[in-house]
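Chain order of the listed sequences is H and U.
Sequence positions in the first sequence follow this note's numbering and run 1 to 350.
Sequence positions in the second sequence follow this note's numbering and run 1 to 234.
By construction, these hints were calculated from the structure, which means they are not laboratory data.
Treat the hints with caution; some may be incorrect.
[To be verified] Short, incomplete list of chain H residues facing chain U, as computed with Cβ under 7 angstroms:
1. LEU19
2. ASP21
3. GLU188
4. LEU216
5. THR219
6. GLY222
7. ARG223
8. THR233
9. GLY234
10. GLN236
11. LEU237
12. GLY239
[As the list claims (entries may be wrong)] Result set (DSS-like, lysine-lysine): computed pairs, CA atoms no more than 25 angstroms apart in a straight line:
13. U:LYS105 / H:LYS220
14. H:LYS145 / U:LYS66
15. U:LYS154 / H:LYS220
16. U:LYS128 / H:LYS220
17. U:LYS52 / H:LYS134
18. U:LYS52 / H:LYS145
[What the hints assert, rightly or not] If you anchor each label on the Cβ, the simulated ranges turn out as follows:
19. H:GLY158 / U:GLY233: 52 to 62 angstroms
20. U:HIS226 / H:GLU146: 37 to 47 angstroms
21. H:GLU146 / U:ARG123: 53 to 63 angstroms
22. H:TRP213 / U:ASP12: 34 to 44 angstroms
23. H:ASN165 / U:TYR116: 51 to 61 angstroms
24. H:ASP183 / U:ASP129: 21 to 31 angstroms
25. U:HIS226 / H:GLY158: 41 to 51 angstroms
26. H:TRP213 / U:GLU125: 25 to 35 angstroms
27. U:HIS226 / H:ASN22: 49 to 59 angstroms
28. H:GLU146 / U:GLY184: 20 to 30 angstroms
29. H:LEU23 / U:GLY37: 19 to 29 angstroms
30. H:ILE131 / U:ASN168: 48 to 58 angstroms
31. U:ARG123 / H:THR325: 42 to 52 angstroms
32. H:THR273 / U:ASP129: 42 to 52 angstroms
This structure is a prediction, so every number in the text was calculated from the model and none was measured.
Ideal Cβ placement from N, Cα and C applies to all residues, glycine included.
Spelled out from the first residue to the last, the chains are:
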Amino acid sequence: MATKTSERPKTSVDLITRLKDNLPVVLVSIFSVILFILIGIKGGAPQIFNIIVTGGMWALLATGLALVFGVMNIPHFAHGESFMVGAYVAYFVFTPLNQFFLSTGSKLLIYSGPFIAIIAAGLVGSVLGIIIEKLVFAPLRHRTKEGWIMNAFLLTVGLSFILTNGTNLILGPNFRGIPRYFDVKPVEIMGAFIAVDRIVAAGIAIVTIAILWFFLRRTKTGRAIRAVSQDETGAQLVGIDLDFIQTLTFSLATAMAAISGASLLFMFQAYPTVGVTPLYFSWYVVMLVGLGNIAGAIVGGFIVALLQSGTQLFIGLSWQSVVPTVVMILVLILAPSGIFGSEVKGIQEQ
Amino acid sequence: MLQLKNLDSGYDFLQVLWGVSFEVESGEFIALIGPNGAGKSTTLRTIAGLIKPMGGDIIFDGKSIKNTPPHLISRMGISYVSEALNLFTDMSVEENLMLGAYAVKERETQLQTLDYIFQLFPRLEERKDQLAGTMSGGERKMLAIARGMMSNPKLMLVDEPSLGLQPNLTYDVFEALLKLRKQGVTILLVEQNVNATLDITDRAYILEQGKIVMNGPSQEMKANEHVRNAYLGI
Chain H
1 MATKTSERPK TSVDLITRLK DNLPVVLVSI FSVILFILIG IKGGAPQIFN IIVTGGMWAL
61 LATGLALVFG VMNIPHFAHG ESFMVGAYVA YFVFTPLNQF FLSTGSKLLI YSGPFIAIIA
121 AGLVGSVLGI IIEKLVFAPL RHRTKEGWIM NAFLLTVGLS FILTNGTNLI LGPNFRGIPR
181 YFDVKPVEIM GAFIAVDRIV AAGIAIVTIA ILWFFLRRTK TGRAIRAVSQ DETGAQLVGI
241 DLDFIQTLTF SLATAMAAIS GASLLFMFQA YPTVGVTPLY FSWYVVMLVG LGNIAGAIVG
301 GFIVALLQSG TQLFIGLSWQ SVVPTVVMIL VLILAPSGIF GSEVKGIQEQ
Chain U
1 MLQLKNLDSG YDFLQVLWGV SFEVESGEFI ALIGPNGAGK STTLRTIAGL IKPMGGDIIF
61 DGKSIKNTPP HLISRMGISY VSEALNLFTD MSVEENLMLG AYAVKERETQ LQTLDYIFQL
121 FPRLEERKDQ LAGTMSGGER KMLAIARGMM SNPKLMLVDE PSLGLQPNLT YDVFEALLKL
181 RKQGVTILLV EQNVNATLDI TDRAYILEQG KIVMNGPSQE MKANEHVRNA YLGI
């Protein structure tokens, strides 16, 4: 037991040592700000909006990954399939609904269609999350915790195969997409025209993250989720029901991935393997910031979006996957626990 | 209040406790003493539900809690302050305390208990916004005990509170336990510091190699030749 006291820094000298201790964070922040300004100068408002939309979506997906890893110690490789399910649900809800609403001619109904589709995707996602947790992870957890991380990882890979190929079997490999959610003129922002779909997607990402943040910080159940991720035994000792919290967490993460799949339907059409790209990018994010770090995952989502956008603008579109991968390798070499670092305690300790 | 009947317990293939029986009456302050590896922590962990017993029974308030999961045992009124403390290190002191009252439904009661805890441990109130992981060892023990009290438990199991503490801090922790005892909380204390423990407790059980070898009022235990030789070094 360490008996060292570490006080919070109060003077400017302490601040400098603190900055030195957090060198990776400082460097990444400076780099991000410079990149953001450069992108803003060259690409203007559309690019900045692009960053907000993709960044928000990566953040939404990555928070789910961070939650699932932090609370349940599951390296979740079927997260992309939750995105895929969300996209399909939105497609199958929106297409007939929109036709019906168009026939009624009511503007209010027509504009609420996309939101209904996205909420439906979130609901289906949360139910799917509960089913998967109860059917797959809970039985394993109750049987043995030995080799948990590896076993859980293999289970998620298996799940991903089943969901992808099951969808292929039932719905076929066809692409199902929509040209746009809102059939209205793009809005002019700072001299550029931005599609309403993008604005709505950015809004949904930001609102969902804000709600999640509030839930985790301010509500009793949210605190319990964080408690489980910080000390599982401690959580049990204060009367927190682990099974409930773990099922809830998995359900939340799945719902968030489904919401991002649904709100990006105009960008990513629904097809069985649509989840691969979002999965990889959300893993980039959590590896960049540190596994299980929720606040980091939010910031990281936007950093990765910046990187993507910067690569497109300054190096070339075909380098879009290369640059993040190189950054990832550098992070793994230089700061293997991620730029923000994180200590995840839980099952692996027992 | 709490009754252990021929309890067998341990980890997988390693049985640690062999037919341990003892009783704790309401309002008592009981010490569980023994050498390293005797099974003291295993006893507490088994009562708290973190380890499933291999045999025997645990009765709390007339009900068997042998197969009850730990979160329900905690909600029944048993609070376990573990050796490892199991604090939520990335949360503030206040958040840790509020989580201690997780199972308490009424917010009023939670806040009242919090007030009371802050009276008892003014140091925690001064540091309520500090992250638990950045506190000193003594403060963390205080926080763990305080968190354990937040659920208004009927019985507190306290595991090695003096471990790794300098003597004056140990004194603070014991002082806190005495205050608790005055409030009528039943305490089962596991301690290495046998001399001080026998001074503050009512009765003591001696656990050696997974078996209860002796028990009686603490003052008598202190005078016992075996205890004097083995634990007090007199």
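Hint numbers not upheld by this structure, sorted from lowest to highest = 1, 2, 3, 4, 5, 6, 21, 24, 25, 28 and 29
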